[in-house]
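Enquirer: Hey, can you work out the whole structure from these sequences and the hints?
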Amino acid sequence: MIPILSIILLLGLFLCIQIYHDTHHFVIRTYHLPSSKLQEELTIVLVSDLHGQDYGAGNQALLSAIRTIHPDLILSAGDIITSYHHLSRQTYDTGSAFLSALAGEFPVYAANGNHEHRLLMRTDFAEGCERYLDELKGAGVCILNNASSYFPLSGNKKVYLYGLDLDDSFFKRFSKRELPIQYLHEVLGDPVNDAFRILIAHNPAYFPVYAAWGADLVVSGHVHGGIVKLPFFGGVISPSFRLFPKYDGGKYHIDSASCGDLGSTMILGRGLGTHTLPV
1239 MIPILSIILL LGLFLCIQIY HDTHHFVIRT YHLPSSKLQE ELTIVLVSDL
1289 HGQDYGAGNQ ALLSAIRTIH PDLILSAGDI ITSYHHLSRQ TYDTGSAFLS
1339 ALAGEFPVYA ANGNHEHRLL MRTDFAEGCE RYLDELKGAG VCILNNASSY
1389 FPLSGNKKVY LYGLDLDDSF FKRFSKRELP IQYLHEVLGD PVNDAFRILI
1439 AHNPAYFPVY AAWGADLVVS GHVHGGIVKL PFFGGVISPS FRLFPKYDGG
1489 KYHIDSASCG DLGSTMILGR GLGTHTLPV
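Each residue of the sequence shown is one higher than the last, beginning at 1239 in our numbering.
A portion of the hints provided could be inaccurate.
[Unchecked claim] Subject to a maximum C-alpha distance of 30 Å in a straight line, what follows is the list of computed DSBU-like cross-link-like pairs (lysine-lysine):
(1) Lys-1375 to Lys-1395
(2) Lys-1410 to Lys-1484
(3) Lys-1275 to Lys-1484
(4) Lys-1489 to Lys-1414
(5) Lys-1484 to Lys-1375
(6) Lys-1395 to Lys-1489
(7) Lys-1410 to Lys-1275
(8) Lys-1489 to Lys-1410
(9) Lys-1484 to Lys-1414
(10) Lys-1375 to Lys-1396
(11) Lys-1396 to Lys-1275
(12) Lys-1395 to Lys-1275
FYI, nobody ran anything at the bench for these hints, they're computed from the structure.
Expert: Written as structure tokens, this is what we have:
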């Protein structure tokens, strides 16, 4: 009985140490994406789901790691702040300082996640979230909430960037609302022809719709790697409480006539921070 109890205690201790390590360290993953629409190399950094996490004072460890990559541009796929009552205000400053510091050195394009959107819809928190977004704009962050912009390349070429801001009904727990492709055409317009098109869309569950709309590259977050990752099975559960979500993190590809011969690729971040459960 005592050896069994000792094993259980050791396993519990190991699990606690592993959780602490995973929630206080970040991992950089590198992906390569060929495209006939790009005549020059672009280095892009994706950040998502920070939720007010600090990696060292002022997130200096994270900022230093990004600087060593020397990105051409940085994309933020949402949930940099957290919408819960006791967390939202304290995450404003952390999130604003982080993205503002990046914008002081690199072009930064950002779209809302469900936490930013939820705060904007609440009368008791909307003012604070609007102030947070205004701070980002003042620092030079290009906010793309159902909007578009472009990143200039050599020879008068451009990469077009779109940011999708979905309302809460597309993040419901236990159910998945259909996202008609027409919805994207209504809020984003038609994608520019004969150009490389990047879509920042927080919810990865609708990747096939994004591809059909015409996104060459989709960057997403939200799923936090499936919260817990099991060998051979991947992420266990999504924020909408779907078991073993199809998209939990990494690189995904769909053949799409809307995107040409190379189809559409999604890069899904596993999240820099946590909320609700610190795992």
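Enquirer: Are the hints correct? Go through all of them and say.
Expert: Each hint tested on the structure:
1. Lys-1375 to Lys-1395: holds, 25 Å
2. Lys-1410 to Lys-1484: Given pair Lys-1410, Lys-1484 holds - Cα atoms ~17 Å apart, limit 30 Å.
3. Lys-1275 to Lys-1484: holds, 28 Å
4. Lys-1489 to Lys-1414: holds, 22 Å
5. Lys-1484 to Lys-1375: Violated, at roughly 34 Å.
6. Lys-1395 to Lys-1489: holds, 26 Å
7. Lys-1410 to Lys-1275: violated, 36 Å
8. Lys-1489 to Lys-1410: holds, 24 Å
9. Lys-1484 to Lys-1414: Since the Cα atoms of Lys-1484 and Lys-1414 sit roughly 13 Å apart, the hinted pair holds (cutoff 30 Å).
10. Lys-1375 to Lys-1396: holds, 22 Å
11. Lys-1396 to Lys-1275: holds, 10 Å
12. Lys-1395 to Lys-1275: holds, 10 Å
Of the numbered hints stated above, those contradicted by the structure are hints 5 and 7, listed in ascending order.
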